[in-house]
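There are 2 protein chains.
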Amino acid sequence: MILTVTLNPALDVTYRVPGLTLDATNRVAEVSVRAGGKGLNVARVLHALGYEVMALGLAGGPDGDRLVASAGLPAAFTRVSGETRRTVAVVADGGVTMLTEPGPGITPAEWAAFQADFARWLPRASAVVLSGSLPPGLPADAYAVLAGLAGGVPTIVDAEGDALVNALAARPHVVKPNVDELSRTFGAATSVRDGALRLRELGARAVVVSDGPRGLHADTPEGRWRAVPPYTEGNPTGAGDAAVAAIAMGVVGRWDWAETLRHAAALSAAAVRAPLAGQADHTAYRDNLAVIAAEPLEFEREGTQC
Amino acid sequence: MILTVTLNPALDVTYRVPGLTLDATNRVAEVSVRAGGKGLNVARVLHALGYEVMALGLAGGPDGDRLVASAGLPAAFTRVSGETRRTVAVVADGGVTMLTEPGPGITPAEWAAFQADFARWLPRASAVVLSGSLPPGLPADAYAVLAGLAGGVPTIVDAEGDALVNALAARPHVVKPNVDELSRTFGAATSVRDGALRLRELGARAVVVSDGPRGLHADTPEGRWRAVPPYTEGNPTGAGDAAVAAIAMGVVGRWDWAETLRHAAALSAAAVRAPLAGQADHTAYRDNLAVIAAEPLEFEREGTQC
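So the protein lines, in turn, are chains S and E.
So in this note's numbering the end of the first sequence lands on 306, straight run, no missing numbers.
So in this note's numbering the end of the second sequence lands on 1306, straight run, no missing numbers.
These are calculated hints, taken from the structure and not from any lab test.
Please note: incorrect hints may appear among the correct ones.
Stated by the list, open to error - Pair ranges (Cβ atoms, derived):
(1) Arg-27(S) / Pro-1123(E): 36 to 46 Å
(2) Ser-81(S) / Asn-1235(E): 30 to 40 Å
(3) Arg-1120(E) / Met-1(S): 32 to 42 Å
(4) Ser-81(S) / Asp-1162(E): 41 to 51 Å
(5) Gly-187(S) / Val-1031(E): 24 to 34 Å
(6) Ser-81(S) / Ser-1126(E): 35 to 45 Å
(7) Leu-22(S) / Glu-1298(E): 40 to 50 Å
(8) Asp-1065(E) / Pro-108(S): 27 to 37 Å
(9) Gly-1187(E) / Gly-187(S): 35 to 45 Å
(10) Arg-27(S) / Pro-1074(E): 30 to 40 Å
(11) His-282(S) / Asp-1162(E): 45 to 55 Å
(12) Ser-81(S) / Ala-1112(E): 35 to 45 Å
(13) Met-1(S) / Pro-1074(E): 47 to 57 Å
Even for Gly, the Cβ is constructed at its ideal location relative to N, Cα and C.
Use the sequences and the hints to build the structure in full.
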């Protein structure tokens, strides 16, 4: 079973508006609502491919109930007294204006309750995925705490900034920032190579950086690879989450890194072909696997870092 | 007891954003939530001035529960299966961008249940206030149906367009559009005088038109008056609802129209001084009463229209 953790999920609300005018009243033509959060997207992609998953996280208030009920996944969220946040995507004139609410404040008792719930699922877990931002009130090293609790269960972290850097002390199996997150974490001048190196020096055993149309870069104890998707048109939201899902598949399947990165590129490109985050076009996934190869970037082995 | 009816209420959400950028992600710094709807605002103003009120309306889903629980009013909303809508006000850079969701679809059975609930409260009512838009599914003459059920209980209608025009067949005691609503109902070229006359010809016994800083105009069987507020700076949201509250006070207190219009101008100006819709600054209300007079516009009586 793959455990996904979404500590700061959101009810994703989409407003379709004929045209969005600032400082005026805009009538919303159509409202749609969906459980959101990077960890939930990872779980959805895995679940649709037949993997056994359990979605964990924090949820509160009526929107928290709704999030869990509508996730369409085996889920065991820990209840909090604050209310699950919303994101509002205003789709108008071909553009999307996002409004993201801050998450609810989490109390130390709620954080302790989550850790206890997480620990109860661990004996059945073959991998743990920790995704997204931390809500207010959680310690900055929350992901390190969970990776520490996971012990021998391989942990994949998809985060940025303090949440990412503080996770590294627990030596997570894989961290997967995208290039923008890498820039926001280490500065705009940081190259993919240098950022990945820095993350490994700070404790990550392997690093996968997603770089949109330029593909995925893996920096691992086995070597470095790049895999490039065969196309880039579509909906990029959730492509990174699909890459994380493939990394988890590689971890539990004990695939080598070249194979894992190939699947990650194929599955994230297949997610670009699907209309909603957390979905992947399975035909495109299969077709992509036939054409994508992971290209080795260097041949040296770095056995000392294993 | 004054009954207020809010058939299309909304949970009013306010997002404070440091700056709103179209087609980008905007982090919301602060979220506040409040029960919204013109009828609820009228009830709040009356309740704060010591009047016995009962807020009726339609509410559904968790946001409907929250709306009723947070209204801070005696309330008996009829439950519907659809979900109470939200409005989102994005406050940024000194401006307010509004996003208004459509209301939930109301079934014929739910509309019948509301009428039955409304009829149960009528024997205790001294006035009925019907405010705001109609949600999808209700007949266009919903306000005429309720005014007809009210029978001898004086009814005040604050609406626009079809909901307003269709209400007139039931000969409501007072209708109160603002000038923009009058324009949207009868065309931009319609003067306040002509619009009011037309509403009376179609069935309204009296008409009060609110015209922002230019004050309130009453066209009644007793004559025509204008009352102008002493200042205009502040928050105009809810000023019209405060005017409706004062009209209801005049109806139940059997004030003459000059006195009613004076109070309506004083109370709506006092609402402009208060931070939130549904509130009025009571000191400002008292002070305004000392300086506002209703100025007669013509002296002819129109006894035939009583």
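How the hints compare with the structure:
Distance hint check for Arg-27(S) and Pro-1123(E): the Cβ-Cβ separation is about 38 Å, which falls inside the suggested range of 36 to 46 Å. A C-beta distance of roughly 32 Å is found between Ser-81(S) and Asn-1235(E), which places it inside the suggested range of 30 to 40 Å. Distance hint check: the CB atoms of Arg-1120(E) and Met-1(S) are about 55 Å apart, inconsistent with the given range 32 to 42 Å. Separated by about 44 Å at the C-beta atoms, Ser-81(S) and Asp-1162(E) satisfy the suggested range of 41 to 51 Å.
At about 31 Å, the beta-carbon gap between Gly-187(S) and Val-1031(E) stays in the expected band of 24 to 34 Å. For the pair Ser-81(S) and Ser-1126(E), the supplied restraint of 35 to 45 Å holds, since their beta-carbon distance comes to about 42 Å. Taking the beta carbon of each, Leu-22(S) and Glu-1298(E) are about 43 Å apart, inside 40 to 50 Å as hinted. Taking 27 to 37 Å as the suggested C-beta distance range, the pair Asp-1065(E) and Pro-108(S) conforms, at roughly 29 Å.
Checked against the hint of 35 to 45 Å, the C-beta distance between Gly-1187(E) and Gly-187(S) comes to roughly 60 Å, which is inconsistent with it. For Arg-27(S) paired with Pro-1074(E), a C-beta distance near 31 Å keeps the hint of 30 to 40 Å intact. Under the hint 45 to 55 Å, the C-beta atoms of His-282(S) and Asp-1162(E), about 49 Å apart, fit the expected range. About 39 Å separates the C-beta atoms of Ser-81(S) and Ala-1112(E), a value consistent with the hinted range of 35 to 45 Å.
Taking 47 to 57 Å as the suggested C-beta distance range, the pair Met-1(S) and Pro-1074(E) conforms, at roughly 52 Å.
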